[in-house]
Amino acid sequence: MKPSVASLYQAVELQQEIPPLLIGERANANGSKKFRELLLADDYQACVKVALEQEARGAHVIDLCTAYAGRDELADLTTLVRLCAGALKAPLMIDSTTPACIKACLRLYPGRAIVNSINLEDGGVNIRRICRAAKKYGAAVVALTIDEKGMAMTAAEKVRIARAIHAIAVDEYGLRSRDLLFDCLTFTVGSGDANLRDAAVQTLEAIRRIKAELPGCLTVLGVSNISFGLAPQARRILNSVFLHEAVAAGLDAAIVDAAKIVPLARIPAEDREVCLDLLYNRQGEEVKDPLLRFIAHFSDKAATPAEDGQEGDSKPEEQLFQMVMDGDKEQLEDVLAILRQRFRPIDIINQILVPAMRHVGELFGKGEILLPFVLQSAEVMKASVTLLEPFMDKAEGTAATTVLLATVQGDVHDIGKNLVDIILSNNGYLVHNIGIKVPAETIIEKAREVRADLIGLSGLLVKSAIIMQESMAQYREAGLTVPILLGGAALTPKFVAESCVPQYDAPVVYCADAFAGLKAVQEFEAGTLTATVYDGATAVKAMKPGIRVAEIDRTNPVPVPPFLGQRYVEDIDPAVLFSLINVEALFRGRWGYRRGKMGAGEYADLIEGTVRPLYEELQRKALAGGWIQPRVSYGYFPCRAEGDAVIVQADGAEHRFSFPRQAEAPFLCIADYFKTAGEGGDIAGFFVVTIGPKMSEETARLYQADAYHEYLLLHGFSVEVTDALAEYWHGVMRREMGIGGTQTQNALGAVTQNYQGSRYGFGYPACPDLEAHKPLFAFLKPEAIGITLTENMQMVPEQTTSAIVAHHPQAKYFAV
Amino acid sequence: MTPAKERYICANCGYIYDPAVGDPMNAIPPGVEFAELPDEWVCPMCYATKEQFDPLD
Numbered sequence: 001m002k003p004s005v006a007s008l009y010q011a012v013e014l015q016q017e018i019p020p021l022l023i024g025e026r027a028n029a030n031g032s033k034k035f036r037e038l039l040l041a042d043d044y045q046a047c048v049k050v051a052l053e054q055e056a057r058g059a060h061v062i063d064l065c066t067a068y069a070g071r072d073e074l075a076d077l078t079t080l081v082r083l084c085a086g087a088l089k090a091p092l093m094i095d096s097t098t099p100a101c102i103k104a105c106l107r108l109y110p111g112r113a114i115v116n117s118i119n120l121e122d123g124g125v126n127i128r129r130i131c132r133a134a135k136k137y138g139a140a141v142v143a144l145t146i147d148e149k150g151m152a153m154t155a156a157e158k159v160r161i162a163r164a165i166h167a168i169a170v171d172e173y174g175l176r177s178r179d180l181l182f183d184c185l186t187f188t189v190g191s192g193d194a195n196l197r198d199a200a201v202q203t204l205e206a207i208r209r210i211k212a213e214l215p216g217c218l219t220v221l222g223v224s225n226i227s228f229g230l231a232p233q234a235r236r237i238l239n240s241v242f243l244h245e246a247v248a249a250g251l252d253a254a255i256v257d258a259a260k261i262v263p264l265a266r267i268p269a270e271d272r273e274v275c276l277d278l279l280y281n282r283q284g285e286e287v288k289d290p291l292l293r294f295i296a297h298f299s300d301k302a303a304t305p306a307e308d309g310q311e312g313d314s315k316p317e318e319q320l321f322q323m324v325m326d327g328d329k330e331q332l333e334d335v336l337a338i339l340r341q342r343f344r345p346i347d348i349i350n351q352i353l354v355p356a357m358r359h360v361g362e363l364f365g366k367g368e369i370l371l372p373f374v375l376q377s378a379e380v381m382k383a384s385v386t387l388l389e390p391f392m393d394k395a396e397g398t399a400a401t402t403v404l405l406a407t408v409q410g411d412v413h414d415i416g417k418n419l420v421d422i423i424l425s426n427n428g429y430l431v432h433n434i435g436i437k438v439p440a441e442t443i444i445e446k447a448r449e450v451r452a453d454l455i456g457l458s459g460l461l462v463k464s465a466i467i468m469q470e471s472m473a474q475y476r477e478a479g480l481t482v483p484i485l486l487g488g489a490a491l492t493p494k495f496v497a498e499s500c501v502p503q504y505d506a507p508v509v510y511c512a513d514a515f516a517g518l519k520a521v522q523e524f525e526a527g528t529l530t531a532t533v534y535d536g537a538t539a540v541k542a543m544k545p546g547i548r549v550a551e552i553d554r555t556n557p558v559p560v561p562p563f564l565g566q567r568y569v570e571d572i573d574p575a576v577l578f579s580l581i582n583v584e585a586l587f588r589g590r591w592g593y594r595r596g597k598m599g600a601g602e603y604a605d606l607i608e609g610t611v612r613p614l615y616e617e618l619q620r621k622a623l624a625g626g627w628i629q630p631r632v633s634y635g636y637f638p639c640r641a642e643g644d645a646v647i648v649q650a651d652g653a654e655h656r657f658s659f660p661r662q663a664e665a666p667f668l669c670i671a672d673y674f675k676t677a678g679e680g681g682d683i684a685g686f687f688v689v690t691i692g693p694k695m696s697e698e699t700a701r702l703y704q705a706d707a708y709h710e711y712l713l714l715h716g717f718s719v720e721v722t723d724a725l726a727e728y729w730h731g732v733m734r735r736e737m738g739i740g741g742t743q744t745q746n747a748l749g750a751v752t753q754n755y756q757g758s759r760y761g762f763g764y765p766a767c768p769d770l771e772a773h774k775p776l777f778a779f780l781k782p783e784a785i786g787i788t789l790t791e792n793m794q795m796v797p798e799q800t801t802s803a804i805v806a807h808h809p810q811a812k813y814f815a816v
Numbered sequence: 001m002t003p004a005k006e007r008y009i010c011a012n013c014g015y016i017y018d019p020a021v022g023d024p025m026n027a028i029p030p031g032v033e034f035a036e037l038p039d040e041w042v043c044p045m046c047y048a049t050k051e052q053f054d055p056l057d
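Chain order of the listed sequences is B and G.
Using our numbering, the letters of the first sequence map in sequence onto residues 1 to 816.
Using our numbering, the letters of the second sequence map in sequence onto residues 1 to 57.
It should be emphasised that the hints constitute simulated quantities derived from the structure, not laboratory data.
The reader is advised that the hints may include incorrect statements.
[To be verified] With a straight-line Cα cutoff of 30 Å, these simulated DSS-like cross-link-like pairs (lysine-lysine) come out:
#, chain 1, residue 1, chain 2, residue 2
1, B, K494, B, K446
2, B, K288, G, K5
3, B, K597, G, K5
4, B, K89, G, K50
5, B, K288, B, K329
6, B, K2, B, K89
7, B, K494, G, K50
8, B, K329, B, K519
9, B, K149, B, K519
10, B, K446, B, K366
11, G, K50, B, K2
12, B, K288, B, K494
13, B, K366, G, K5
14, B, K288, G, K50
15, B, K211, G, K50
16, G, K50, B, K597
[To be verified] Simulated restraints on C-beta separations:
#, chain 1, residue 1, chain 2, residue 2, range
17, B, A473, G, G22, 43 to 49 Å
18, B, L606, G, T49, 47 to 53 Å
19, B, A69, G, T49, 38 to 44 Å
20, B, Q233, G, G22, 34 to 40 Å
21, B, E285, G, T49, 16 to 22 Å
22, B, G250, G, T49, 37 to 43 Å
[Unchecked claim] To give a feel for the contact side, a few chain B residues facing chain G, derived at Cβ under 7 Å:
#, residue
23, R594
24, R595
25, G749
26, V751
Even glycine gets a Cβ: it sits at the ideal position worked out from N, Cα and C.
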């Protein structure tokens, strides 16, 4: 006789003539929102209707699960089993992990049910209780390949656990092989996670081996897990193709929504091939990555309206995946509570959260989502992990790749490093972020202490790039052998390849952004990480924009400043700065709300509907919280040009500012805009402006609170407010000198230097060297308004900027 | 049909490249579409590269 199960009314063969046996999955409080709501409303009759509907759609067996936090599972399940036993022709699958519930249901069910499920997660306690009950009441049993280490990923592991379960169920408790349905579990091939690329291959292989090595046993699978994270219509096709492959490998039963399975014959050959390539991880010729090929192939096939109606009714695994994708934290606790009943926390992290973040990263890489949304996804990931941690053993997860992050000596900028931290730690890596201004000695010591697998170094300014270069030899001498990742605005692939790579023995890798850092860590894990190379032959050499006229007029009048010497100003209304904020640079550049592939209308909706309200909210908060405290030290000083230097007279002493000159035509140098002693000398303006330390404190607080998105917003805002203050004060100085007449009215006028003269910031393209801060601080004395210098001449607080102000009409921005 | 004269904006500083104006700082005459600018072209104000520009209109 063939293995069968039975209801009160009929027997159903587990091995259907045309496999697979279809098991309806919707009568599940964890898997279906609709069913859960009916259950919470105590509407048992409607719950039975959900089961009946599936029978009508072709399900051979109906899975019934009522486990939900706050409900009495025993009462719910026994009530529904009783009702379903009378109403359903299809036999029941009792879905519970509680031995007492299973036992009670088996006792009252008037047929032969299937128990879903047993596993070895607790080392073999519950499985024995459930097997005893199954033997007593003659039930079949679903067995999941999970043990104390979690869900088995490889075919070998899945088979090993299946054998162990078989030994207990058959040898100890006398069940027959044909009473067991092994569920080998599958993970998504849709996330781009390198560890999951062969998830389908491993599962199919495990099915084949279990059928061969444990003769008589059956297999079952929840097919739709294979396609988490992909578009609905594409999922349907992929699920159907995967089901076909699984049946070919020997699968007997599938837990599916029967209505969503598309017959193979109705899937175009081309679609099928793309699916098979993805399932078997086959490299293509033009587009190598089968996932990218799959997504591109299905990108123009929109979901049919019929499917949209089902969206609110997805499984909790899919819900959590989608919540990460959407950056949606509402109901996070509820969804995690549901998932924890069925999965261990570490599995929720590794099988759902990490793949979801990887998928988000892939979409960002393709320009389909923007940085702010990635950070919102990371917040969901972080919040989930925080909620799961109390349920995890300390030892769990310590095997992760470990990355040490630091901003180099003398550099106070930490947004870049912190973004790398956010992206890496929320992709499952163990990150030790040891802060800013970290000397090489400390980096070496910490790398040893935490046994870092990789070191990531960050630094914004040119000086920091030089420090990275110089410290390479130190790392080599200290015997470090782990790869070093370098990131920062002043770095280029050329500089890293030519100046850093040769100084160190392990790979040194240039990372343009946080996602390049993530890619490097993934490559490290795959064993394919290599040092940055620079090919001068194919590289593009950037143009040097600037004024083409080399002749600088020597006869322009020197303005009369209102005073000579230095003054402090502290009574500036922060609100006057807002009209000078460069919102384009803020929204698109600092915040990452780029238009990218969006249409003009869609982008305008994003800006007006989302971004500008965030901006206005920040303005309100900043004013109410007193976060902007504008302070200025500035002055006008007699000076003269001498070659490439400007000699400034202040406090009875001479201060020399040496400026670099362009190495090619038109050979510009800041000193050229000032008159020599022979020409009668000149007047130079200088300023240091700051919005004070409160912004830094606020941004640090947000970062500590894992409010990543707000952190990015406030930091970008603070940088642009600082620049607006510099722009505002430059306008005041032009007016005081009587040049240009009117104030700069808006940020766009400032961008295009729609005024007489120029301000050249120290550390910027016309004067990259921060050494100029030494003479500047000697006579502007900004320490009195709370500004100090680091050992490599950076100003603290970070929201501070400085400049020399030239009044010459030909003075405009240029780069040396 | 003449191609649309589409303006582009620098995400780093807000400078707008207008094909009708060109870019004198980089010796680009009027009439050059953004897409036709050489790869080595950078923002005349802040030196950002071409991929840091967004279409404006």
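How the hints compare with the structure:
1. Restraint check: the Cα-Cα separation between K494 (chain B) and K446 (chain B) comes to about 28 Å, which is no more than 30 Å; the hinted pair holds.
2. Proposed proximity of K288 (chain B) and K5 (chain G) is contradicted: the alpha carbons are some 36 Å apart, above 30 Å.
3. A threshold of 30 Å between alpha carbons decides the hint, and for K597 (chain B) with K5 (chain G) the separation of about 18 Å falls inside it, so the pair holds.
4. Distance check on the hinted pair: K89 (chain B) and K50 (chain G) sit about 66 Å apart at the alpha-carbon level, beyond 30 Å; violated.
5. Annotation: proposed proximity of K288 (chain B) to K329 (chain B) is violated, straight-line Cα distance about 35 Å (limit 30 Å).
6. Restraint check: the Cα-Cα separation between K2 (chain B) and K89 (chain B) comes to about 19 Å, which is no more than 30 Å; the hinted pair holds.
7. The straight-line distance between the Cα atoms of K494 (chain B) and K50 (chain G) is roughly 18 Å, inside the 30 Å bound, and the hint therefore holds.
8. For the given pair, K329 (chain B) sits about 27 Å from K519 (chain B) by alpha-carbon distance, which is consistent with the 30 Å threshold.
9. About 27 Å separates the Cα atoms of K149 (chain B) and K519 (chain B), which keeps this hinted pair within 30 Å; it holds.
10. For the suggested pair K446 (chain B) and K366 (chain B), the alpha carbons sit about 35 Å apart, so the restraint of at most 30 Å is broken.
11. Simply put, K50 (chain G) and K2 (chain B) have alpha-carbon atoms about 69 Å apart, too far for the 30 Å limit, and the pair is violated.
12. Only pairs whose Cα atoms come within 30 Å are accepted, and K288 (chain B) paired with K494 (chain B) is accepted, the gap being roughly 27 Å.
13. Annotation: proposed proximity of K366 (chain B) to K5 (chain G) holds, straight-line Cα distance about 26 Å (limit 30 Å).
14. Annotation: proposed proximity of K288 (chain B) to K50 (chain G) holds, straight-line Cα distance about 27 Å (limit 30 Å).
15. At most 30 Å may separate the alpha-carbon atoms for a hinted pair to count; K211 (chain B) and K50 (chain G) exceed this at roughly 58 Å.
16. For the suggested pair K50 (chain G) and K597 (chain B), the alpha carbons sit about 15 Å apart, so the restraint of at most 30 Å is met.
17. Between A473 (chain B) and G22 (chain G), the C-beta spacing of about 47 Å keeps the proposed range 43 to 49 Å intact.
18. For the hinted restraint 47 to 53 Å between L606 (chain B) and T49 (chain G), the CB-CB distance of approximately 24 Å leaves it violated.
19. Separated by about 52 Å at the C-beta atoms, A69 (chain B) and T49 (chain G) break the suggested range of 38 to 44 Å.
20. Taking 34 to 40 Å as the suggested C-beta distance range, the pair Q233 (chain B) and G22 (chain G) does not conform, at roughly 46 Å.
21. Taking 16 to 22 Å as the suggested C-beta distance range, the pair E285 (chain B) and T49 (chain G) does not conform, at roughly 31 Å.
22. A hinted range of 37 to 43 Å is violated for the C-beta pair G250 (chain B) and T49 (chain G), which are about 55 Å apart.
23. Given hint, R594 (chain B) at the interface with chain G, holds; its Cβ is 6 Å from that chain's nearest Cβ, closer than 7 Å.
24. Interface restraint check for R595 (chain B): the shortest CB-CB distance to chain G comes to about 4 Å, inside 7 Å, so the restraint holds.
25. Interface restraint check for G749 (chain B): the shortest CB-CB distance to chain G comes to about 11 Å, outside 7 Å, so the restraint is violated.
26. A hinted interface residue such as V751 (chain B) counts as satisfied when its beta carbon comes closer than 7 Å to some beta carbon of chain G; here the least separation is about 5 Å, so the hint holds.
When the structure is compared with the earlier hints, violations turn up for hints 2, 4, 5, 10, 11, 15, 18, 19, 20, 21, 22, 25 and for no others.
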